[in-house]
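Chains as they are written, first to last, in our numbering: chain U, 294 to 851; chain Y, 294 to 851.
Honestly, the hints are just simulated from the structure, not real lab data.
Among the hints, erroneous ones may be present.
[As the list claims (entries may be wrong)] Derived, one-sided and incomplete: chain Y residues facing chain U with beta-carbon distance under 7 angstroms: (1) PRO327; (2) LEU434; (3) VAL462; (4) ARG467; (5) PRO484; (6) THR540; (7) VAL541; (8) PHE729; (9) ALA730; (10) ILE839.
[Said to hold, decoys possible] What follows is a set of in silico ranges between Cβ atoms, one per label pair, in the way DEER data are often shown: (11) ASP791(Y) x ARG523(U): 43 to 51 angstroms; (12) GLU848(U) x TYR521(Y): 54 to 62 angstroms; (13) GLY845(Y) x ASN842(U): 41 to 49 angstroms; (14) SER505(Y) x GLU705(U): 26 to 34 angstroms.
[What the hints assert, rightly or not] Below, simulated DMTMM-like cross-link-like pairs (lysine to aspartate or glutamate); rule was C-alpha separation at most 20 angstroms, straight line: (15) LYS512(U) x GLU837(Y); (16) LYS585(Y) x GLU338(Y); (17) LYS534(Y) x GLU712(U); (18) LYS761(U) x ASP791(U); (19) LYS512(U) x GLU338(Y); (20) LYS544(Y) x GLU848(U).
Ideal Cβ positions, reconstructed from N, Cα and C, are used throughout, including at glycine.
There are 2 protein chains.
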Amino acid sequence: MSYKSDIEIAREANKKPIQEIGDKLGIPTEHLLPYGHDKAKVSQEYINSVQGNENGKLVLVTAINPTPAGEGKTTTTVGLGDGLNRIGKKAMICIREASLGPNFGMKGGAAGGGYAQVVPMEEMNLHFTGDFHAITSAHSLLSAMLDNHIYWGNEQEIDVRRVQWRRVVDMNDRALRQITASLGGVSNGFPREAGFDITVASEVMAILCLASNLKDLEKRLGDMIVAYRRDRSPVFCRDIKAEGAMTVLLKDAMQPNLVQTLENNPAFVHGGPFANIAHGCNSVIATTTALKISDYVVTEAGFGADLGAEKFMNIKCRKAGLAPSAVVLVATVRAMKMNGGVAKADLGQENVDAVTAGCPNLGRHIENIKSFGVPVVVAINHFVTDTDAEVQAVKDYVAGHGTEAVVSQHWEFGSKGSENLANKVVEIVEGGTANFAPIYPDDMSLFDKVETIAKRIYRADEVLADKKIRDQLKLWEEQGYGNLPVCMAKTQYSFSTDPSLRGAPTGHSVPVREVRLSAGAGFVVVVCGEIMTMPGLPRTPAAETIHLNDGGQIEGLF
Amino acid sequence: MSYKSDIEIAREANKKPIQEIGDKLGIPTEHLLPYGHDKAKVSQEYINSVQGNENGKLVLVTAINPTPAGEGKTTTTVGLGDGLNRIGKKAMICIREASLGPNFGMKGGAAGGGYAQVVPMEEMNLHFTGDFHAITSAHSLLSAMLDNHIYWGNEQEIDVRRVQWRRVVDMNDRALRQITASLGGVSNGFPREAGFDITVASEVMAILCLASNLKDLEKRLGDMIVAYRRDRSPVFCRDIKAEGAMTVLLKDAMQPNLVQTLENNPAFVHGGPFANIAHGCNSVIATTTALKISDYVVTEAGFGADLGAEKFMNIKCRKAGLAPSAVVLVATVRAMKMNGGVAKADLGQENVDAVTAGCPNLGRHIENIKSFGVPVVVAINHFVTDTDAEVQAVKDYVAGHGTEAVVSQHWEFGSKGSENLANKVVEIVEGGTANFAPIYPDDMSLFDKVETIAKRIYRADEVLADKKIRDQLKLWEEQGYGNLPVCMAKTQYSFSTDPSLRGAPTGHSVPVREVRLSAGAGFVVVVCGEIMTMPGLPRTPAAETIHLNDGGQIEGLF
Numbered sequence: 294m295s296y297k298s299d300i301e302i303a304r305e306a307n308k309k310p311i312q313e314i315g316d317k318l319g320i321p322t323e324h325l326l327p328y329g330h331d332k333a334k335v336s337q338e339y340i341n342s343v344q345g346n347e348n349g350k351l352v353l354v355t356a357i358n359p360t361p362a363g364e365g366k367t368t369t370t371v372g373l374g375d376g377l378n379r380i381g382k383k384a385m386i387c388i389r390e391a392s393l394g395p396n397f398g399m400k401g402g403a404a405g406g407g408y409a410q411v412v413p414m415e416e417m418n419l420h421f422t423g424d425f426h427a428i429t430s431a432h433s434l435l436s437a438m439l440d441n442h443i444y445w446g447n448e449q450e451i452d453v454r455r456v457q458w459r460r461v462v463d464m465n466d467r468a469l470r471q472i473t474a475s476l477g478g479v480s481n482g483f484p485r486e487a488g489f490d491i492t493v494a495s496e497v498m499a500i501l502c503l504a505s506n507l508k509d510l511e512k513r514l515g516d517m518i519v520a521y522r523r524d525r526s527p528v529f530c531r532d533i534k535a536e537g538a539m540t541v542l543l544k545d546a547m548q549p550n551l552v553q554t555l556e557n558n559p560a561f562v563h564g565g566p567f568a569n570i571a572h573g574c575n576s577v578i579a580t581t582t583a584l585k586i587s588d589y590v591v592t593e594a595g596f597g598a599d600l601g602a603e604k605f606m607n608i609k610c611r612k613a614g615l616a617p618s619a620v621v622l623v624a625t626v627r628a629m630k631m632n633g634g635v636a637k638a639d640l641g642q643e644n645v646d647a648v649t650a651g652c653p654n655l656g657r658h659i660e661n662i663k664s665f666g667v668p669v670v671v672a673i674n675h676f677v678t679d680t681d682a683e684v685q686a687v688k689d690y691v692a693g694h695g696t697e698a699v700v701s702q703h704w705e706f707g708s709k710g711s712e713n714l715a716n717k718v719v720e721i722v723e724g725g726t727a728n729f730a731p732i733y734p735d736d737m738s739l740f741d742k743v744e745t746i747a748k749r750i751y752r753a754d755e756v757l758a759d760k761k762i763r764d765q766l767k768l769w770e771e772q773g774y775g776n777l778p779v780c781m782a783k784t785q786y787s788f789s790t791d792p793s794l795r796g797a798p799t800g801h802s803v804p805v806r807e808v809r810l811s812a813g814a815g816f817v818v819v820v821c822g823e824i825m826t827m828p829g830l831p832r833t834p835a836a837e838t839i840h841l842n843d844g845g846q847i848e849g850l851f
Numbered sequence: 294m295s296y297k298s299d300i301e302i303a304r305e306a307n308k309k310p311i312q313e314i315g316d317k318l319g320i321p322t323e324h325l326l327p328y329g330h331d332k333a334k335v336s337q338e339y340i341n342s343v344q345g346n347e348n349g350k351l352v353l354v355t356a357i358n359p360t361p362a363g364e365g366k367t368t369t370t371v372g373l374g375d376g377l378n379r380i381g382k383k384a385m386i387c388i389r390e391a392s393l394g395p396n397f398g399m400k401g402g403a404a405g406g407g408y409a410q411v412v413p414m415e416e417m418n419l420h421f422t423g424d425f426h427a428i429t430s431a432h433s434l435l436s437a438m439l440d441n442h443i444y445w446g447n448e449q450e451i452d453v454r455r456v457q458w459r460r461v462v463d464m465n466d467r468a469l470r471q472i473t474a475s476l477g478g479v480s481n482g483f484p485r486e487a488g489f490d491i492t493v494a495s496e497v498m499a500i501l502c503l504a505s506n507l508k509d510l511e512k513r514l515g516d517m518i519v520a521y522r523r524d525r526s527p528v529f530c531r532d533i534k535a536e537g538a539m540t541v542l543l544k545d546a547m548q549p550n551l552v553q554t555l556e557n558n559p560a561f562v563h564g565g566p567f568a569n570i571a572h573g574c575n576s577v578i579a580t581t582t583a584l585k586i587s588d589y590v591v592t593e594a595g596f597g598a599d600l601g602a603e604k605f606m607n608i609k610c611r612k613a614g615l616a617p618s619a620v621v622l623v624a625t626v627r628a629m630k631m632n633g634g635v636a637k638a639d640l641g642q643e644n645v646d647a648v649t650a651g652c653p654n655l656g657r658h659i660e661n662i663k664s665f666g667v668p669v670v671v672a673i674n675h676f677v678t679d680t681d682a683e684v685q686a687v688k689d690y691v692a693g694h695g696t697e698a699v700v701s702q703h704w705e706f707g708s709k710g711s712e713n714l715a716n717k718v719v720e721i722v723e724g725g726t727a728n729f730a731p732i733y734p735d736d737m738s739l740f741d742k743v744e745t746i747a748k749r750i751y752r753a754d755e756v757l758a759d760k761k762i763r764d765q766l767k768l769w770e771e772q773g774y775g776n777l778p779v780c781m782a783k784t785q786y787s788f789s790t791d792p793s794l795r796g797a798p799t800g801h802s803v804p805v806r807e808v809r810l811s812a813g814a815g816f817v818v819v820v821c822g823e824i825m826t827m828p829g830l831p832r833t834p835a836a837e838t839i840h841l842n843d844g845g846q847i848e849g850l851f
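Start from the sequences and build out the full structure, keeping to the hints where you can.
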């Protein structure tokens, strides 16, 4: 039996006009700002108008540590949303937007897969509704204003050696990682070292995704630290007077984007911060709006649960006042097998022992999620090659951890395949056992917050940080930033900082290389390992074969 | 009597849903891709479907050399379009899109003014439908692929000292004019000098505006020269294999944007190449499409007629097979007075002698336009302070040149004020006296083309160019580029290359500083004087006061 590719399925989608999707949610046409016939932004006025509504229930989809076998977190998010709609719940999904640049390096990512996808797939992997371009523009405006400020006399007495604000572009352009700018003489300014990150790494992106409204957005932008003076005092974005104009550039980008699943159910696709140096969740405004206009909101967080769910809970939920009612932890038989030591080429062969051997990674995540006070169900994202015995091995393991594992076949059958998972989620949510709390309080010291995560989530023995880093954290505490949550940047492939250490390691150390203050976003980034904020293109970039065919269809992007 | 500001008038506009504007043109809803409720792109399928229609009549609006008094070229374009609709003609206007970056330096430009404007004004000065962002992305992709090619082994043997392709950003960022890129060691590539221009200066912009369809776009992108080898042979964009993916990024940007005037008449606002290093006209696809779906198309070209009309005729019309039926030359009494030596502060006082003394600039442009075989009418864009005697002085002067000057009061009264001008234009067009031809043939040598323009349009005695420049032109002729038109880049303030030389100078010299080959756009740029392709921000940028007020309206942008 042969299967259709994601793009083939997406192109065959029976899309409804986006107004009809808005109708389902009760959004009047005048409050739905269309971008073509299949995408729309929801107006700020409408968002304001629903603030009095009761909140629906929030469900987080997270996953085991990713393996090359794939786990299908977004696919399951989409499948669960469709499943909930199928069993009569008014449900929405909230996922992130894709970054444009990386799609020209490796082939682009679908939003979901199989019969659990969000469409229009191609546009979501290209310009979509222009949100990321707006973020690039707002970021670039501050960059230009900062150097312009220095050029015209540097009234703020910025130390040009201590400019923190890097530039951004939404393209994989390694040549811009490190540059010398303002060369060429008097009229071009004062030469200094500078560099570019990719747009999703911009603090503006993190802020857009955490701001509750435009006023809050403007305040947070103003709070960003762009440089330091010789006396080490911070220079804020508001000292450069850029936050008002940046807010103007971002006013449309702040409105959530409405699209649809293959089954014509509503989806917000909005925001996309890095999951390492930022918190890796879709926008707060999309999630909170979705909760006002639907009974169930299914969302996801970047990477595995050690990074994604932890940040979702400790940063996004804490700051936005959200409380998830349930967590769906996605696992696959194939990924368990890889964790159990099977090579990718051999994944097609039944190997129950390897599945069982790989399960401790899953078990660790189950325990961790429960430690936030949220009930969890494991979704076994079913592959057509999975055998019954393998599936049963996962179920048995999970049952041993006091949790249930449900097979979900949304990839192959859409909502018909995810009905069981949807019913289980409803049962858990209606059980009302959730009692969410972040795992550390605001007033804990910054270093203790890092230690709490390292010991309770990663199960490390210790956090290694030299005096310089500890002093920096103390200085920020003195400056009033001690109440911020910490945002861990480490490898997504392991609980530890060693990407090759699969399973459920213990006794390891977490070395902190660097700490960064994102004062506008409102977190302290703790870098543990190499973090790339400007990817490069591979030897043969996907872009070389991307083109329009004679029918006007895009080839090579997927 | 006090007058409302442009932005006040624009905000009071009684805009119709963009579908209704499309209806007027006969564009079915499914072929109108909305961006919000007041902007839309016209689908490629629809554009293809009207190719068999008869062409309407093309009218160019151009102007005298600009003075600080302002002449109102776009305002007159809009006013004439509305006037033609008022007298029962099915008319459209075609104008350029605004660049985002410069609006954050000086206050943004309206599209027109008074009661002759195109709306939505704010969005047209911000992200609009994302065309310029798409151009920036496509340009940036090639930039990244070029350095990536060098990084992975430089198979094309690019001489890194001879990379021609600069990067772009749509922001006034002088710090990026000249940089050293690829610093920081092995993983960031080979250090080399580089720099950024503003997006409107990108050859991709010029190509988008000259391409007849997506296939032509892709071919032209591939034709761009991005670097030279040590043996001076050119490396093309197609050698880097970027043109297919760039075309994918530009496919929506190629579709013309439909908006409306204050009087709900249709307007295409599409493309915006620099008027110095490029040809300064809206897109060919917008103009040719408009000609297929309306009886009259009113368009404009950048700067004064010596640059804008000359390039419109010799580049755009020649290459796109267009033939204007009439030219409207915009002048104001105030500009005549300034040309006649009056200071800006004294423009409010009647001064008939100064008006007459300033008219030779106008006269020269009349003669020049006639030399292309196109009949011309002068539009006196009326200011409320103009006296009858001053207006009469202009009329008398123009009559002495065998032409008619018509007062147009569209700024104050909308189409009621431009009815006379519209009637006059119809009379000229229906007279059928136009017999358009470019003023030089394709097969003239490149240097002779420059001389032809310098002598016949600028009335210079000579063109000064050293051996290096003449040799370069000859080399390009040998390489097969001799048949291209030339694109003059000189000051817009004078017929000469000296911006302070107003009126109608003769006997001057035109020194050529530099020549550049835009092989994809299809012209040779002849640089005569300082041309800035990356503007800087002023000491106090407009951005410092731009913000959203409590009502969510943008303040400070205009």
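For this session: Please name the hints from earlier in the document that this structure breaks, with their numbers sorted from lowest to highest.
Result: 5, 8, 9, 12, 14, 17, 18 and 19
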